[in-house]
Amino acid sequence: MKRSATAVVAGVIAIVAALVVLWPRGVEAQPHLAESTGLRFELTPTSTRSGSNSFDLRITDRSGNAADGDVTVEPAMPQMGHALAPITAAPQAPGQYKVAGVDLFMAGQWEITVSLRGERVVIPLLLT
Amino acid sequence: MKRRVVTLLLVLGAILGIAAPALADGAQSGADIHVAQSLGDRDLTVIIRRVAEVPGPVHVDVVTHAGTPAGDVALTLRAAGAPSSTAKVELGATPGFYSGVLRADRSGPWELAVDEATIPFVVPAIVPSPWENATYGGFIAAGVLLLAALLLAVSGRPGLALVPTAGMVAAVAAGVTAALLAPSIPPVAAPGTQLDPTYDNVMNPYERTSIVDFSRPPVNLVPGMDGKDLVLSLTDGSSGRPVDDLLVHDSAFIHLVVVSPSGQLRHLHPVRTAPGEYRARLRDPEQGTHAIAAEIARRGGGVQLLRSSVDVAGSATASPNDGKTETAMEIREAGRPSTITAKFGERDLQPWLGMLGHMIVVGPITGTAVNAPIWAHVHSMIPPTPGMPDKPDESVAAYGPDVPFTYSFPLPGRYLVWIQVERDYSIVTVPKIVDVPAGKVASK
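From first to last, the protein sequence lines are chains A and B.
Mapping of the first sequence onto the UniProt record's numbering: residues 1 to 128, in sequence order.
Mapping of the second sequence onto the UniProt record's numbering: residues 1 to 444, in sequence order.
Same shape as in the complex, but just chain B (with noise of 0.2 Å):
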């Protein structure tokens, strides 16, 4: 008899011993943050690495690239306003991966300043979803019930048994059904891409809302400068207020390409320096007016561009976009299909904003870029290959050599055309002149 007890008993700790640490298990894994950052002179890459826990770590590498001046930058982590920890990174000479750890002591909205670039950014709370804790919970309650009716019946008494193995034929169902449904239960809103993050909304994530439609108003660019900085205001179009909710969509806050009156290519990614505003530096600019374009992308979805032009106080000469390439074009008339691939030869290029290419396409071409009709930014992206990472970081030199791009042009004419790809920490960025001919069939 008490032999049988103790049988009974380990069994049923075996099974709950089972059951229980998964408990453990998070909801929810954010990923690696990417931004690409424009910060004075430098061209930077910030990655804020996955926070596994809090309080705990925060890990943040710097990757620079050629050309790139060395000194230190000051990592600042900032959460409503007040600083938390601070670390220096000294930058080397040589372009890479340069590393500085931050501590973050909570879960919820925080603030990375890199000098006087900062980053908004969520470090997200490992709460157990709503059916995890249902079907846990069920699958608990069904041992001890099980343990209970056991009990009962060794104990003589079989009759009263019956009630804690209904209980345990109910906990089951329970468990089962919630295990069973959580894969189809839709996902609920995220705080930081479609909801403003606050520390409660980021502490319970399983809060539902009744906001169906979480797009924004469209925004307005004001471009201007301060000395060699190009500012960019961003005010909403509705309510003229800035515009704080942009998010890191291809790997920065806002893609910016400034096209010269000489035709030459400048992709930048400004840095955001208050509430709005947005700065990013001409080096060596060029006298005349720019064509400048900016895709964003604000909380709650949908990628906009912004298009404007501004005019920079500069020399006469410029500094050409000087990258070589074999492409191989295959132009369609206007409205089909038309490929382009640039071959660099090697299988070593690194992926640059989570892409294997860019091309900028801007036409057709009959004065400046500043009143060219389209204005299109085409990608070429990174195959998935097994055994490589979904989304690789700069240190994977592996991709190439062939980078092939698909575009429409939607109308004939004389189009510029710039191919850009990363190699040794470099960006390459390669003009070419498209001229696309008329369809065959007259347009409507």
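Looking at chain A on its own, in the form it has when it is part of the complex (with noise of 0.2 Å):
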């Protein structure tokens, strides 16, 4: 009887270690933060993966108040000498835009340019 139950308790271990190892884990979409001369950018995609993506964006100056004025943002994939027709992103809130509707078709390497007043910061975002 002891026996056994020590088999169970020593299954049940060596199953949860199993799946604490082996669980599959995706990469979560991470913000991504850059800085230019005056703003601070942070950019968080819905999805690392290729296809329709949107974007989260918080835009901020550097004492973190929030900023204005029309976002521009222009996909582009180097490594393809591709770049994508820039979109608008549409204000949310005091410092919150959104773009949506934004095609990634291709896994890869890609530059996200964020243009504000002026100033401009490209983001890299590696979808698979």
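Mixed in with the good hints there might be a few duds.
What the hints assert, rightly or not - 20 Å max Cα-Cα, derived SDA-like pairs, lysine to any residue:
#, chain 1, residue 1, chain 2, residue 2
1, B, LYS391, A, PHE105
2, B, LYS88, B, ARG42
3, B, LYS391, A, GLN79
4, B, LYS391, B, ALA376
5, B, LYS343, B, PRO431
6, A, LYS98, A, ARG58
7, B, LYS391, A, ILE13
8, A, LYS98, A, VAL122
9, B, LYS343, A, PRO86
10, A, LYS98, A, GLU111
11, B, LYS343, A, ARG58
12, B, LYS88, B, ILE47
13, B, LYS391, A, ASP103
14, B, LYS391, A, GLY108
15, B, LYS432, B, LEU265
16, B, LYS88, B, PRO128
17, B, LYS391, A, PRO86
18, B, LYS324, B, ASP348
19, B, LYS391, A, GLY81
20, B, LYS391, A, MET106
21, B, LYS228, B, GLN287
22, B, LYS391, A, ALA107
23, B, LYS391, A, GLY51
24, B, LYS391, A, SER50
25, B, LYS391, B, TRP375
26, A, LYS98, A, LEU22
27, A, LYS2, A, ILE13
28, B, LYS88, B, PRO69
29, B, LYS391, A, MET77
30, B, LYS324, B, GLY400
As the list claims (entries may be wrong) - So, partial list: chain A residues that the calculated Cβ filter (under 8 Å) puts toward chain B:
#, residue
31, GLU74
32, PRO78
33, GLY81
34, LEU84
Keep in mind that the hints were calculated from the coordinates and are not lab data.
For each residue, glycine too, the CB sits at the ideal point set by N, CA and C.
Build the complex: two chains, separate frames, hints provided.
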């Protein structure tokens, strides 16, 4: 009786350990930070996979106040020498913008250029 | 007792039977090779289909375009200079696909000759990778050891059965480890694209080399005229030796753009006639100095743009680029992305050089195209469509009608722009002129 209980406990521990090690971990979309002379850009993609994507943008000045103005997003894929048409971001709240329906159709290294009032940052984005 | 042994054998046989046939799976599968060839008066696309097995057939499709004269072309397959098989392809008057079948008797570096043009290519060997061998080997060993353990156990020697049991656990561990790690093992340098292909490295593609940087020196381009043919001589920028390691990139060895003095464009794909020598015919040339630009990629990676000019003796009148289409242009100031969308009306465009459309940009024009500071080649890519092949060939006439391009004109001024697409096996070249305003902020 005691022996079988030990065996069951050992089995459960082994299975849990195997699950912890082997559980597939997706890369979660992390915010990407970039700073220009006067502004601070934070870009969060919805997904890190190729296909239709959307970006949440948070733009503040260096002291943390929300920035306003027309925000343009220019996706490009340097490896393929391919650029997409620039997209104007839709303002959501002060300093918050959203770009929806960006068709990043190919997996690989992308460069997202975000510009506001003549200040621009280039944010690299790796899609799988 | 006897029955038990028979059942065990049957079960193990089934397990081994599942594992064994997977050994036949190859590690690499080559892809079709598409090469555009401006061969004499013909504009051809030569497609070498994936070679499934050796010895076996090599299927070659020759795609003709509108205006290609009918006639025969001779296909010859050579290995190390020795011809191994030949075929004759009769090109008809209607544009389309014409096929020939050759035979390759082994894997390795090969050369396909289409009349005087030669196309080097690699027939890959189907070699299982070391991690595949470890995976299958581990599982097969585990099966055999399990059988041994069971036989020892049923024959009344359970103590002795522990030895093969332990071996089986080790074999399963080895197999599982190899299977789990295989996807994250970096690929080896491919013969043909990174390494010079030899019979040895094609047959043994998993041998690793100590090379980490595969890039090669820049190339010198010397153009010249030989009758009606434009002959390009390519030499290595460091050793002066002929450059004979061009890769097929965007479906051609060289993308040669020739702009005549009056601003007419030709997009040609010179054929390789000797190591480091490529030629393309200029039909009905115009008199004067032509600007030329060649895009090439050497083995080891990286595309280079080589610009030059050549004096051509021809007639005073030019044959103009006469394609017409509606375009929507959104031109922003220099340095900002501009978009140009050509609208071709119907959804019947064919992929040309693997792309939906090409846009050649030359400017800002102050004198002639020869001294224009900017020379660009913009692509409109084929968006991946579910249900369509990844790399469709020209027989798929289902793209468009809108062909978008995004390009950031680096300098303000007047640019010559040509948009090229393929429709009904004919290349449509639409000339445009774009005026790019200066940026609001003075450039540094």
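### Query
Straight-line Cα separation of LYS88 of chain B and ILE47 of chain B no greater than 20 Å?
OK: LYS88 of chain B and ILE47 of chain B at ~15 Å, within 20 Å.
### Task
Would you mind confirming whether the straight-line C-alpha gap from LYS391 of chain B to GLN79 of chain A stays at or under 20 Å?
Satisfied, since the Cα-Cα distance of roughly 18 Å is no more than 20 Å.
### Task
Given the hint that LYS98 of chain A pairs with LEU22 of chain A, test it: the Cα-Cα distance must not exceed 20 Å.
violated (36 Å)
### Query
Against chain B, with CB atoms and a cut of 8 Å, does the hint on LEU84 of chain A hold up?
holds (6 Å)
### Message
Checking one constraint from the list: CA of LYS228 of chain B to CA of GLN287 of chain B, max 20 Å. Satisfied?
### Response
holds (12 Å)
### Task
Assess, step by step, whether the Cα of LYS2 of chain A is no farther than 20 Å from the Cα of ILE13 of chain A, and give holds or violated.
It holds: about 17 Å lies between the C-alpha atoms, which stays within 20 Å.
### Task
Mind checking the alpha carbons of LYS88 of chain B and ARG42 of chain B for me, to see if they're no more than 20 Å apart?
holds (16 Å)
### Message
Tell me if the straight-line CA distance from LYS391 of chain B to ILE13 of chain A falls inside 20 Å.
### Response
violated (49 Å)
### Query
Taken at face value, is the distance from the CA of SER50 of chain A to the CA of LYS391 of chain B at most 20 Å?
holds (17 Å)
### Query
LYS391 of chain B and ALA376 of chain B: Cα distance at most 20 Å?
violated (24 Å)
### Message
Please verify whether LYS391 of chain B and GLY51 of chain A have alpha carbons no more than 20 Å apart.
### Response
holds (17 Å)
### Query
When the nearest CB of chain B is found for PRO78 of chain A, is that gap smaller than 8 Å?
Violated. Min distance 12 Å.
When held up to the earlier numbered hints, the structure conflicts with 4, 7, 11, 16, 17, 25, 26, 32 and fits the remainder.
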